[in-house]
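Student: Chain residues, written in single-letter form:
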Amino acid sequence: MSLRQKTLELQKRMHNALEGGGTQAIEKQKATGKKTARERILTLLDPNSFHEYDLFVEHAGKDFDMDKKYLPGDGVITGTGTINGYPVCIYAQDFTVAGGSLGYMHAKKITKIMDQAMKLKVPIIGINDSGGARIQEGVNSLAGYGEIFYRNTQASGVIPQISVILGPCAGGAVYSPALTDFVFVVDKISKMFITGPEVIKTVLGEEISMEELGGARVQSEISGNAHFFALSEDECFEQIKKLVSYIPWNNTKTAESFPSKSPKTKEYKISSIFPTDSKQPYDVRDIIKAVADDSEFLEVQELFAPNIVIGFGRIDGKSVGFVANQPLVLAGVLDVDSSDKAARFIRFCDAFNIPLVTFVDLPGYLPGVDQEHAGVIRHGAKILYAYSEATVPKITVILRKAYGGGYIAMCSHHLKADFVFAWPTAEIAVMGPEGAAKIIFKNEIQNAENPEEMRKLKIKEYQEKFANPYVAAAYGYIDAVIEPGQTRNMLIHALKISVSKTESHLPKKHGIPPF
Amino acid sequence: MDENSNPKTKYSVLEIGEVKYNTLFTKKYLNRKPYIPKNPKQIVSFIPGIIKKIYVKTGSKVKAGDKLLVLEAMKMNNDIIAQTSGKIQKINVKTGDHVPKNFVLVEIK
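If you're matching them up, the sequences are chains A and Z in order. Residues in the first sequence are numbered consecutively from 0, following numbering that gives the first Met the number 0. Residues in the second sequence are numbered consecutively from 0, following numbering that gives the first Met the number 0.
Chain Z extracted, bound-state conformation (with noise of 0.2 angstroms):
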């Protein structure tokens, strides 16, 4: 790291406790994910995997606890369930679909 005793280095400004200190910032600090609440409304899959069966349609009204689908994932079927009740607004995926992680699968209205 010969080219951060160079005094031409152009540092970053990292803010702790009201004081603000030149410093450089690493590439996994660079990199971090910021962070998004969660939306019940919107079901996103936990882990990658593929969709199996889909037990809702456009427009169907469910409850909180009523099976959504299945996501096969690691060799086992996952049911998929709501976690709110509303009515479903948009269905991102169909049948056979690979999905990866964090993918909105349906939005609840």
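So here's chain A without its partners, still in its complex pose (with noise of 0.2 angstroms):
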């Protein structure tokens, strides 16, 4: 055979692989609204920077009658790539053939392309729609999903992991999600669960949507599995490319320095955005935008326990991951899921060098017996965990509020915070000017004339006593106040300055913080 036929045979074999499940699957997939596999891809990377492999890798089941099938690829489709420049290995499953259900090969291609990604030092994205285990597969098919497992866990904290739910992710498949770093879901089309509806319905007598059960609002807002929602899988790849501008390929290295630009201080103004009455809310994104390069801030878990604010933004140019409590909900309390989710953004920031900057203005913790028994105690540990475990550079501002254990656990300077600063409208106190009163003047308070106007006085004076940064500072427990409007230079000075800082653990195999 010649070269020209040799050729075309190969074209001839890529044309059937490359057709995927066929025409009236692919109609079928886009008219739920979704992008066949190959189209995702080929949106979130840049212009012919996709490079596929293992195209003609062949299904491996035997029984059944599957060996007389050719399943194109074997459902998932694998390869290397850009995303404005940065690399990555992604994989994407193919729905329109068989489900997308994973077999013994289709889980080889992903666990291939995941040693590669480990190998590289480069970020992995998974595109998961997939109806689950190839039950034909049997046990080779569990195989697949405990050997992804693996890896997941074996890559964490080495190159960024990043799970895109375009389709249902059911069952034991969910678990690859859940390992990784950050989980992107899309209205409508994502759905999680371990058991479904079906199931539920026919052991519990409970009947429930999958939209109600796990879709991706319901990730997103309730359960908190989900770091960001889209309304559309076009959004959502706009988010994914957002993200990686903020975060290195891999633990050795920093993320992408960029242009340094101010902030747009007309609309973020501190002084107009500010109540310094500590019983105000206000919207701790917009101090966060007054000081962030061009007041860009990609927020992370928007919707699950807003509580707390977690997300990146750039210093300087620098990439810099922001933990900030909300006074805007549930006075920013500390409690199960705020605890949960900025404990593990802090461990993300730490493993690939982000540094962190975290703004208090916290009363303390959730009081309800539903929290105590939600497990609070071991909950919120997982914050002074992975504060304390932290050894990137690390700079809190005390805004107001920074009472009792809130404050401690706020990276303050006894879990090694680099720098504490505090405007002069912070207040460092074990506990509110009310509560500490009515504990500390009980007997003046009680046998007063006027008990009630013996309370206010002795609140007013704890108030212009303790309700401020001084006490603090003359222990030396916060490192300068400074005037608010100084954050930002206070912040590019702090991290210019850290910029060399290593620190190491004692010895260990690994810590075992509070899961």
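Possibly wrong hints are sitting among the right ones.
[Claimed, not checked] Pairs of lysine-lysine residues, derived as DSS-like cross-links and limited to a Cα-Cα distance of at most 25 angstroms, are as follows:
1) LYS89/Z x LYS278/A
2) LYS9/Z x LYS268/A
3) LYS40/Z x LYS89/Z
4) LYS27/Z x LYS37/Z
The set of hints was computed from the structure by calculation and includes no laboratory data. On a predicted model such as this, the values are computed, not experimentally measured, just so you know.
Using the supplied hints, reconstruct the complex from the two chains, each of which is provided in its own coordinate frame.
Tutor: Structural data, given as structure tokens:
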């Protein structure tokens, strides 16, 4: 055969494989508002950057007449490419081929590209759209999942791992995304659950729709399994592109630097955003935007536990992770969900050399039987663990309230923050003036002729003496009391001066964080 | 959450340590279930399931530890046991009934 003939044969084989599940299946996929697996990869990656591997892999099913079937690429597309020049390994399950079901070779393709990502030290992106295990392949399909989970765990903290849920992702399959760093979901397209509505109905007699059980909104708002919520696949891809601009390729690198840009000070003016009365709410994201380059802030888990805000921004062109109590929601308290949310983010930033900037304004922990019974002790401890463990530059700014355990938890000097700044409005104390006065001056108040008057007087007295940053500053727990307008300059300086910070832990295999 | 920056936003009050904070509540916070102390005289289904067998009748005397009924759930037959001694005041189920979680099955006096 001539080279021309050989080439024609290659082209024919490629054509067959590239057809995926065929015209009908593709039409069905599109009718539900979904792109095909290949379209998804091409939309996300830079034009002409995608290179596919293992296109000719065939499935290994022998039983139930599966050996007579041809499944193009065995239902998953794998390859490498770039996102705005940022290199990634990627795979996308193809729902049009046997429902994207995971068989032995399908899993092999995924683990092969994951191994490649770990070896090349570049991020891995997995696009999930699969009916689940390929039942015909039995235990080999389970083995496939296990091999993926193992690699997710090995890769954790070495390369960023991104999961994109663009279809069903049910049963054991959900554990791969759960082990990765960021989970992206799209409204009405993503569905995640361990046991589906049918099983729940037959076993428990409870009726619920897929959407209510594990739709994108539920996973973003209620369970906290998802980190980014989008209304369309295109919006989702834009979010991924933004995210990768803030994070490094791997744990030995730092995120890319960008030219420094001033915040939009007209729109985000601290003096007009920020109420000094600590009982009044404001949106702490506006404070973040008032100090971040170009007032840009990529919020993570926006809908989940909104009483704490986490996300990425840049200061003087360098990527930082912001953690901030949100007085706008539940007065910014720490609770089970907000502790989980912040702690995981802190550990991500620490693993990938992204400095942490913490804004503190919280009245403490949320009281309640539900909180105690849900284990707020164990969950709350995660924040302490994560901050104490983190060795990246840690800069804390206390805006207003920093009471009790909340003060300690929010990256105080005692957890080895590198810099703790306080605004003149900061109140660092064991508790709020009202509570403290009631305990300290109990007798005076009880025995007074007018207890209510005395109570007010003593609250005022406590407020004047202790509800300020100067008591803590007198012990050196605050490095500098700064004017709010100086915050960005102080952050720029603190980050610059701590650029070569290295810190190491006592030798150990690994710590045992409170899960 | 643009509506939040609207000065007309109506805030709720959350009291922590004697201080009342103006703030917004989340759906999850509003939907939290109030704590109800357990009543040992009310036998409640700990899991949804099907009533397979009932060992007792209204009026019969039971001792703590006695089997009251069998609740099948997750392919398991679970013996439901009296936690307190007394007289069966009311049986709210019959054999074959599907019951949700936390359903009061039997009341003991």
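Student: Confirm or reject each hint.
Tutor: Status of each hint after checking the structure:
| no. | hint | verdict |
| --- | --- | --- |
| 1 | LYS89/Z x LYS278/A | 51 angstroms, violated |
| 2 | LYS9/Z x LYS268/A | 23 angstroms, holds |
| 3 | LYS40/Z x LYS89/Z | 11 angstroms, holds |
| 4 | LYS27/Z x LYS37/Z | 23 angstroms, holds |
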